[in-house]
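*Asks:* With chain E's structure known, arrange chains L and A on it following the hints.
Chains as they are written, first to last, in my numbering: chain E, 1 to 294; chain L, 1001 to 1358; chain A, 2001 to 2276.
I should point out that these hints are in silico values taken from the structure, not numbers from a laboratory.
Ideal placement from N, C-alpha and C gives every residue a C-beta, glycine not left out.
Some hints here could point you the wrong way.
Straight-line distance between alpha carbons at most 25 Å, and here's what the computed SDA-like set of lysine to any residue pairs gives [unchecked claim]:
#: 1; chain 1: A; residue 1: K2103; chain 2: A; residue 2: L2115
#: 2; chain 1: A; residue 1: K2010; chain 2: L; residue 2: R1110
#: 3; chain 1: L; residue 1: K1174; chain 2: L; residue 2: P1225
#: 4; chain 1: E; residue 1: K60; chain 2: E; residue 2: P238
#: 5; chain 1: A; residue 1: K2103; chain 2: E; residue 2: L34
#: 6; chain 1: L; residue 1: K1304; chain 2: L; residue 2: E1332
#: 7; chain 1: L; residue 1: K1136; chain 2: L; residue 2: L1175
#: 8; chain 1: A; residue 1: K2005; chain 2: L; residue 2: T1063
#: 9; chain 1: L; residue 1: K1114; chain 2: E; residue 2: G194
#: 10; chain 1: L; residue 1: K1108; chain 2: E; residue 2: I180
#: 11; chain 1: A; residue 1: K2104; chain 2: A; residue 2: P2090
#: 12; chain 1: A; residue 1: K2005; chain 2: L; residue 2: R1110
#: 13; chain 1: L; residue 1: K1015; chain 2: L; residue 2: D1075
#: 14; chain 1: L; residue 1: K1304; chain 2: L; residue 2: Q1336
#: 15; chain 1: A; residue 1: K2005; chain 2: E; residue 2: R97
#: 16; chain 1: E; residue 1: K9; chain 2: A; residue 2: F2100
Using C-beta positions, here's what the derived DEER-type ranges look like [claimed, not checked]:
#: 17; chain 1: L; residue 1: S1115; chain 2: A; residue 2: F2264; range: 56 to 66 Å
#: 18; chain 1: E; residue 1: K200; chain 2: A; residue 2: F2180; range: 52 to 62 Å
#: 19; chain 1: E; residue 1: I144; chain 2: A; residue 2: Q2065; range: 40 to 50 Å
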Amino acid sequence: MSAVEIPLKQRLAARGLDGLTMLVLPAVFFVLALFIYPFLYGLFLSFTPKEGGTFANYAKFFSDSFLYGTIATTLWLALPVTIATLVLAVPIAFRVRLLKRQRLLTTLLVIPITLGTVLVAEGLLNYLGPQGWFNRTLMTFGLISTPIKLLHNYWGVMLSLVITGFPFTFLLTLSYLTGIDPALEQAGATLGAGPWERFKHILFPLLLPGLAITFCLSFVQAFSVFPSAVLLGAPAGPTRVISIAAYQAAFEEYDYSMASAIAMIMGMVQLAIVVAVLAARGLLYRGPAGGGKG
Amino acid sequence: MTIHAANFRELRLDKLSRDFGAFNALKEVSLTITKGEFIALLGPSGCGKSTTLNLIAGLLPATGGGIWLDDKRIDQLRPEERGFGMVFQNYALFPHMTVNKNIGFGLKMRGVGKSEIDRRVAEAAALVHLQGQTEKLPGQLSGGQQQRVAIARAIVVEPPLVLMDEPLSNLDAKLRLEMRAEIRRIHNTLGATTIYVTHDQEEALSLADRIVVLREGVVRQVGTPEDLFSRPDHLDVAEFMGFRNTVAGKVTAVNGGTAQIAVGTATVTGRVRENVAVGQSGWVAIRPEDLHPNATGQSGLTAKVVSTEFRGREFVGFAKMEDGTSLSFLAEEKLQPGATVTLGADPDRVLVFAGGKA
Amino acid sequence: MVEDKRLSTKLWAFANWFLIGFFLLNLLAMIAAVVTSSFATRWLGTWLPAGWTTRWYSAAWAEFQLHDVLFVTFQIVFLVVLFSGLIGVPAAYALARRDFPGKKLVMLLFLLPLLVPPITFGIPLATVLYRLNLAGSMSGVVLANLVPTVPFVILVMIPFIEQIDTKIEAAARVFGANTFKLFIHVLLPLLMPGILAALLLVLVRTIAMFELTFLTAGPTSQTLVVALYYAVFAAGVRAVQSIDAMAVVYMVTTLIWLVIALRFVNPTQIVARAKR
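In isolation and in its complexed conformation, chain E is listed as follows:
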């Protein structure tokens, strides 16, 4: 054989592995060390409880209603919020998409996301309070006779989740919607489809895969509610969400093993819902939402 031996370096480069590719390594190591490793460590830790056998933490969690109840409590907040924001976001996104100057609106909506849950909770404490402007306005219009209780219960947390969740859902929906080629809707119109038929047969089916992703992201956010559940809710009772249970285990009882177990359960519930939604999404059309080739 007289074939020239190709150096290893060149063979690797042909497969896309050269000096430039190595630039990705620091980031990979970083995420492995500070995301994957802690996750695996937490998983391991959750199986080495302070006392009892391997599964003692999980057994304790699922036998104590004060603990396993948090799953239902959190779902009872997160699912209605996600569905409500999605139901609101879709028609409004359809409206706003036709607007020439969307920027002012999108900017205003980005504010609550940017300010974050802590500030929204702080603001709502004043605004929704018995003497706050909200109740005061309702009473002025004669809609209610005594202030309605919106703080330190389910509704306070719910409303704060809507305020931070709606803009998120809306902007995501809008960005999916604007990705659909407007010519498709025009084609539908020239073929005799009115606004409702265009929505039903063309735009909605094309938007649905994006809505599934939006649902997942919004749900996961709502499910991990923490500061507003503490500040606006009743963290010992009706709004004792799963993240509070995890936080208390870690930083009040210093039982990191139990805290890890709760964090893992939290992750599993989120994963279960996301997998269910994405599996349903697998049944949908998922190609490009353009009307032509390319």
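*Replies:* Just chains L and A now, with coordinates in the frame of chain E:
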């Protein structure tokens, strides 16, 4: 064949205008299209041809004037109420529906029964030669096949008008020729009325019964392909139709249908297309294929050869006149760059227009 | 399209606009309530406070040691922005320019920290950082905050780098630029708008990042948002107006950077980070 075009007499655009803010995309365009015609709207990009089509389709509201279908005013109707068929530039096929569903969409919207839809969709698919492809999604089809689906979808509802917005611009050259013939065949088979937007004059000349040339939102000329090709009314139409050599000069004589124009020391004779008077400045327009080097001793447009290109059967020469005007012409042999040529053309092939800088 | 003039269509449009208006009105009223309260002398059971004052700001400044908190916040934010740029941009460049075996897996690796909510991975992360004696200090807070921001920079930068023609780099090579010169004279100026946008978004997100900072911060490494949480949590200890004054300081800090960021990015980019 049971798919026919719906019956009507004519579509009339009456001083139709469209402004985008201060920009007038279309200025009081009036035009009458009778049933069975194949009309091409031709012009460079930004001339208002697509705007006209979108106004007819109802995809864009007019800011002035009206559209009439026989005695019915339709410019206030929403697109879904007009019932025209439209083929979009990128086809705009519904990517989540099969070919069958795409073609049948318009019928479904009209509340046609399931078995009737199936029958007519099959017929339309056969008409555009798409048998056997009908259960595929548009993404699985080639560009030419997608184009056929788009046409079938537009004609299956038997619309009075079929609107086509540069339908061939996304196809490669070979497919474009093939689909061009297909479009004309389908038009003839159905007895349809077609309005076809294009920027390609060759496409318009070969397809249309009548061509409407638009420029900056104004109709410059309406006529048969033969009219436009040999008798353009304006200099810009002539340029667009291939009269690439335009030379400014001074009118020295007008004699019925012909005029003489002095360009430098030479005099060019041509057919008058715009009113000119002796002493005024004017333009002559000549196609490159009609301009030849003159026999030695004859007078003509004097220019210096810049280059010659071999084009198979002949050479195309490029030359520059003293004032900088570029000329292209047909030559029988390769010419030396820098050599002086005198160029001339048959007066019947030379057009004279008014205006110019001389 | 030609306007739809039917009554049902108009009513539906009105209902949509009404909902948007109602949402924005409540949002702005909520913010206005905080601002009003921060300037109020006494505000009990009336539409507007009895009088106006600015003394709560000086009170909040002293009580909550805002001077220190702001200083710590800016240090942390600066370090997070710097390191997410240094780690993220080269990685994004490699991912945008090369196809290698396992690239999909690497992309998934960077997607996960953005999809999993911070409180979920924050607890195991904090546990590890405490074991390593890093938590409770500024380095722990910076490390924790980098977990979502490094992938964020990567995912924002990849499409930006992909749209820069590789021929430009090839051309620079042909004209004799070495790797360093190529980077300084060609790549950096081309990438700068993208880097700036990504880092500004990181900045805004880090100021507002509550969960990760909360789980890993000690008394001397609290950022403004965590300090605000503790202040609200311990409500009753301090005057409400004082807490509101602090909230206003926080809002102004965040919104200034948001306004700057919005000059370079589209608002939807703040949200649509994981749109795929």
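*Asks:* The structure should be examined with respect to each hint, and the outcome stated for every one.
*Replies:* Now for the hints, and whether the structure bears them out:
With a C-alpha separation of about 18 Å, the suggested pair K2103(A) and L2115(A) falls inside the 25 Å cut-off, and the hint holds. For the given pair, K2010(A) sits about 24 Å from R1110(L) by alpha-carbon distance, which is consistent with the 25 Å threshold. Using a Cα cut-off of 25 Å, the hinted pair K1174(L) and P1225(L) holds, with the two alpha carbons roughly 23 Å apart. At roughly 21 Å between alpha-carbon atoms, K60(E) and P238(E) fall within 25 Å of each other, so this suggested pair holds.
For the hint linking K2103(A) to L34(E), the alpha-carbon distance of about 20 Å falls within 25 Å, and the restraint holds. Distance check on the hinted pair: K1304(L) and E1332(L) sit about 17 Å apart at the alpha-carbon level, within 25 Å; holds. Proximity of K1136(L) to L1175(L) is assessed by CA-CA distance (about 21 Å); at most 25 Å being required, the pair is judged to hold. A threshold of 25 Å between alpha carbons decides the hint, and for K2005(A) with T1063(L) the separation of about 16 Å falls inside it, so the pair holds.
Taking the CA atoms of K1114(L) and G194(E), the gap is near 20 Å; set against the 25 Å cutoff, the hint holds. Restraint check: the Cα-Cα separation between K1108(L) and I180(E) comes to about 22 Å, which is no more than 25 Å; the hinted pair holds. The suggested pairing of K2104(A) with P2090(A) holds, with an alpha-carbon distance near 17 Å, which does not exceed 25 Å. The suggested pairing of K2005(A) with R1110(L) holds, with an alpha-carbon distance near 21 Å, which does not exceed 25 Å.
Simply put, K1015(L) and D1075(L) have alpha-carbon atoms about 12 Å apart, close enough for the 25 Å limit, and the pair holds. Restraint check: the Cα-Cα separation between K1304(L) and Q1336(L) comes to about 10 Å, which is no more than 25 Å; the hinted pair holds. Note on K2005(A) and R97(E): the hinted pairing holds, with a Cα-Cα distance of about 19 Å set against a maximum of 25 Å. For a cut-off of 25 Å, the pair hint linking K9(E) to F2100(A) stands: about 14 Å separates their Cα positions.
Between S1115(L) and F2264(A) the Cβ separation comes to about 58 Å, which falls inside the hinted range of 56 to 66 Å. For the hinted restraint 52 to 62 Å between K200(E) and F2180(A), the CB-CB distance of approximately 58 Å keeps it satisfied. Distance hint check: the CB atoms of I144(E) and Q2065(A) are about 42 Å apart, consistent with the given range 40 to 50 Å.
The structure is consistent with each of the numbered hints, conforming to all of them.
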